[in-house]
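**Q** Each chain is listed here by its residues.
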Amino acid sequence: MKILLIEDETALGESVLNFFKKEGHVCEWVKNFNAGDEKVSMYQYDCALIDIGLPGGSGLDIVKALKKNNPKTGIIIISAKNSLDDKVIGLDLGADDYITKPFHFAELNSRLNSVLRRRNFEGNNEIIFEKLKIIPDKQEVLVNGKIIFLTKKEFDLLLFFISNKNRVVTKESIAEHLWGDEADATDSFDFIYSHIKNLRKKIMDAGGSDYIKSIYGMGYKFSS
Amino acid sequence: MKLLTKTGLYYLCITLILFAASGLLFYFSLRNIINENISENLSGTKEQVQQYVQQFNRLPTSSTIGSDVLFFTPASQPVKDEMKDTFLYNSYEEESLPYRQLVFSVQTNEGISKVTARKPLMESDDLIESIFTSLGILAGTLLAMLFILNWWLSKNLWKPFYKTLDGLRKFDIGKKEPLNLSTTSTSEFIILNEEIQKMIKKIRNDYQNLKEFTENASHEIQTPLAIIRSKLELMIQSENIPQEQMKMIQDVYESTNRLSKLNQSLLLLAKIENRQFHETQNVDFKNLIEKKLEQFEDMIAFKNILLSPALPKGEGVALKMNAQLADILLSNIIGNAIRHNINGGKIIIELTNKSLTVSNSGNLLEIPSEKLFERFQKGTSSSESVGLGLSIVKQICDSYNFRINYTHENSFHIISISF
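Residue numbers (our numbering), protein chains in the order written: chain A, 1 to 224; chain B, 1 to 419.
Same shape as in the complex, but just chain A:
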């Protein structure tokens, strides 16, 4: 997929660029408003990640221009301001999602994949991973063609893992993705373990392999 990143922070931009290249995306990166505006008027992208606070102008104006010229491009707004107003304005302008700095890469990746899925398959998409088939819009999971029943949390967890397959996903990012700020109510994220255990068991009971590996104390990796 072709992705445009408009972010003025060099170090952060490098990391995101690096990350998406590893994921196999083609990623272009510009650092200011004018360059970003030029890029979106000249080229087509599958998704654009736009920082709101840019030198030379507001990222929201690029969102507007992009919506006018290339309405099919997915848009994710990145902002340092955890402000509801910005979020509402951004989403009203037609952005698909909104993520606040500092974010987990796994979270960004999951949202990017979700946007790309929605944009490219208009909802009728399937994700296939080895013996697993996931139909996100129906919230269905099949192992070897057989439907398995997952709770909402388990389903979201699986989708999060699949979006970030072959990568270490930290416990923090899982907790934040599934429980949001409420995850802070306990001092450890150990409560996510029972959900992972159940998900693993349900997949294996239906004939799948053990895809979820624990990585040190850090997190988990979903891989074949």
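In case anyone wonders, no lab produced these hints; they're calculated from the structure. Glycine included, C-beta positions come from ideal geometry on N, C-alpha and C. Be aware that a few hints might be false.
[To be verified] Label-pair ranges, simulated between beta-carbon atoms: (1) A:207 to B:375: 53 to 61 Å; (2) A:217 to B:375: 28 to 36 Å; (3) B:278 to A:69: 32 to 40 Å; (4) A:38 to B:208: 36 to 44 Å; (5) B:176 to A:140: 22 to 30 Å; (6) B:375 to A:68: 40 to 48 Å; (7) B:406 to A:32: 47 to 55 Å; (8) B:258 to A:32: 31 to 39 Å.
[To be verified] With a straight-line cut-off of 25 Å between C-alpha atoms, the simulated SDA-like cross-links for lysine to any residue are: (9) A:153 to B:327; (10) A:87 to B:273; (11) A:221 to A:145; (12) A:87 to A:61; (13) A:2 to A:145; (14) A:87 to A:29; (15) A:202 to B:301; (16) B:346 to A:189; (17) B:247 to A:223; (18) B:303 to A:214; (19) A:72 to A:88; (20) A:221 to A:210; (21) A:138 to B:295; (22) B:159 to B:147.
Given chain A, put chain B in place with the hints provided.
**A** What follows is chain B alone, placed relative to chain A:
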């Protein structure tokens, strides 16, 4: 005591002292003048008697001289002139009255006569009485005038000052309303008002800067944090990192997350203080609590906590407030009750139209309970929390004038909010 009452009292004291002193002075000088007058009078009588004797060579009668009292007694030899004060009994007034008498002698054909001329002295009592009565009336009138003047001054001259005072009393730095001071033509008050306005402007600026500083600092910290976190996440993905280094990366990563949470909490506090959550709507607390309990389900189950919600049946409890703040408020209170609970503990949530009470079992506080709502106060040192949760709760309650209270009863921590 009011300034004008105070000056009034000073005036009163000074007037009384002054009047008493002038009364005394008056009395003595008046008495002296009168006494001298009498003495001169007596001396006059003496001259008249002597002239009469010289002219007619016989003693005069009292009436011929026109003097009050004149006595003649024969004497063997001339006496020396003697002026003295004496008391004589007056049968009419039935008391002794003061007199001044002059004794001298004259030589006639019949021989030497001793003459005693007397004049009544003014009675001191009467003098004092009349002086002090008149002075008293004068002082009374003066004081009455003074009070009328004070009243008028306070009503008119001091009016701008009292208006300024009133404006200062109503002043609230948190609110944006301009300070309403009086318009006046008195230069002292003009200067006072100008200086106050200048000071308030400076205070407002400083306060604003301070508030903005927290917010800006928090914003500026977000980006470096995002960079640190992104680099760490990239490092984690490397497959050839030895385990002990991975452990270090994990520690850094966890600290970064904590820092990020702390920063978000500070930013939130600053935003609530800066009243950036102004949109309000009717928030159904009952509904919201049910939603929150659902979100916390996994954490509650993980700690084996027994939950007993006592929510009102039927209709919900609607409160007019910002939806995001209501969400944060409940998240923090319920989250707190879970975090600071013991394994297998209890949480009781009671909601009525007037209050919300959340009680939870847990270890004793390590800080005094009155410090519980202060920033960076952690109830238990082992906790991973940053210690801002209850400050945020307090701040939200304050901005809606909810009263929040902490008590500890039967080893339960009880937080109650009255709406």
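**Q** Can you list which hints this structure breaks, lowest number first?
**A** 5 and 13
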